[in-house]
Amino acid sequence: MKIRRKLLLSYLLIVALFVAAGATITYNTMKMTELQNTAKTQLEINDNAYAYQQGLDQIQFGTLMYASDNTTEGQQIIVASADIMTPAQTYLLSALSSNPALLAEFNQALSLDQNEINSAISQVYSLYIGNENSSQKYVDIWSQLSTLMSAVTQADAKLADVRSTTLANVESANTAAQNYSNMSLIVAVVFLALISAVSVVLAVVMGSRITNPLKKLADIAHKVSTGDLNQRYYLKQKIDIKTGDEIDELVDAFRRMVNAFRMTEAMSNETEAPKEPK
Amino acid sequence: MTVEQDFLAVLAEDLGPAAKTFLFRQCRNHLNKEPSMLQKSDIDDLTKWCQIGVQSALGAQVAENVRKGLLALKQKP
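Taken in sequence, the protein lines are chains V and P.
Numbering-wise, this note's numbering puts 105 at position 105 of the first sequence, and it's gapless, one number per residue.
Numbering-wise, this note's numbering puts 339 at position 61 of the second sequence, and it's gapless, one number per residue.
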């Protein structure tokens with residue numbers, strides 16, 4: 001293998017390690033972003049469920065005020081609660097569409113609101129503005145208020161379930177994101193150590209595989225340059241190198257050159273032709 | 279390629295620039311002919327003299343390599 005190809009492969013190995021580390025960390029970062037979005041959505045669901053709870057509490061409070069002769073303030077509070085509950089309801093129906101369990105919980109709270117709570121409020125209105133002015137009227141109003149409070153308590157409980165589930169989901173997403181974060185840190189440290197170790201090993205191995213034959217060749221070249229043409233010793237003992245690259249070619253060329261020196265010297269020393277072997 | 283060129287190509291593998299002088303010398307001293315006059319029938323004889331010459335200067339291993347390379351020329355069309 002040629003030296004350039006060896007160096008290129010070494011470089012590509014290090015680049016591959018960098019790419020692997022980068023891909024792993026990028027994947028973890030994407031997962032963390034995904035989990036962050038999940039946590040954000042769950043928190044928004046939680047906020048809207050809380051807003052809906054507050055709206056129900058306001059309705060209950062407004063109805064109580066209405067029934068306590070503070071009709072104007074009571075109506076204002078009940079109307080204001082709709083400003084909170086309507087957008088919260090719209091958001092929750094949309095956001096929970098992908099979570100049937102939570103949607104069912106919210107639908108139960110919604111059903112209580114739209115049936116029992118609204119019915120109780122209507123009844124309180126009717127009874128309050130009715131002409132009858134007897135103690136029975138207040139007994140009936142109190143009965144409807146009890147129904148209202150019971151329904152609000154039940155709806156609150158359903159919404160609390162939704163909220164606790166979303167908080168658990170947020171906690172779970174945070175834990176998973178933390179795990180991915182820790183994994184990214186570990187991957188970064190491990191790959192950094194691995195890349196450093198591989199770089200050092202490659203530098204030492206490649207460096208020695210290139211420089212050691214050259215050192216030997218330089219040593220032999222120095223001896224040849226001083227007139228020592230004992231090529232048999234040098235070529236067999238010292239330049240016995242097979243690297244499969246340009247250094248091999250250099251050694252071959254050098255071997256031929258030493259052989260040529262040696263042969264030229266032998267021919268010039270030869271006084272007569274060698275005899276035919278028997 | 280001529281027989282001379284074939285011989286030079288094989289010898290140059292081990293002898294480098296000394297191949298031409300060596301071949302000329304072996305042809306003149308042992309076959310009494312110029313390298314350019316070499317025929318396929320000379321291969322065996324010249325191989326033997328080349329092996330002897332190389333062995334005396336460069337050792338048996340190189341000489342054996344040269345011998346094998348030169349004898350392979352006989353198979354060449």
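Hints were generated in silico from the structure; no laboratory data involved.
Careful, some of the hints might be misleading.
Computed far set for chain V versus chain P, every beta-carbon distance over 10 Å [as the list claims (entries may be wrong)]:
1) Lys31
2) Ala95
3) Ala101
4) Ser126
5) Gln154
6) Asp161
7) Val190
8) His222
9) Gly244
10) Glu265
Computed spacing ranges between beta-carbons, pair by pair [to be verified]:
11) P:Lys298 x V:Glu246: 19 to 29 Å
12) P:Met279 x V:Glu249: 40 to 50 Å
13) V:Met267 x P:Glu342: 42 to 52 Å
14) V:Leu214 x P:Leu309: 37 to 47 Å
15) V:Val200 x P:Glu342: 39 to 49 Å
16) P:Leu349 x V:Ser268: 27 to 37 Å
17) V:Leu214 x P:Ser319: 39 to 49 Å
18) P:Met279 x V:Leu250: 20 to 30 Å
19) V:Lys2 x P:Lys354: 25 to 35 Å
20) V:Asp248 x P:Leu309: 27 to 37 Å
21) V:His222 x P:Met279: 36 to 46 Å
22) V:Ala218 x P:Lys298: 26 to 36 Å
23) P:Glu342 x V:His222: 23 to 33 Å
Using N, Cα and C, we set each Cβ at its ideal position, and we do this for glycine too.
Can you list which hints this structure breaks, lowest number first?
As far as the earlier hints go, 10, 12, 13 are violated by this structure, in ascending order.
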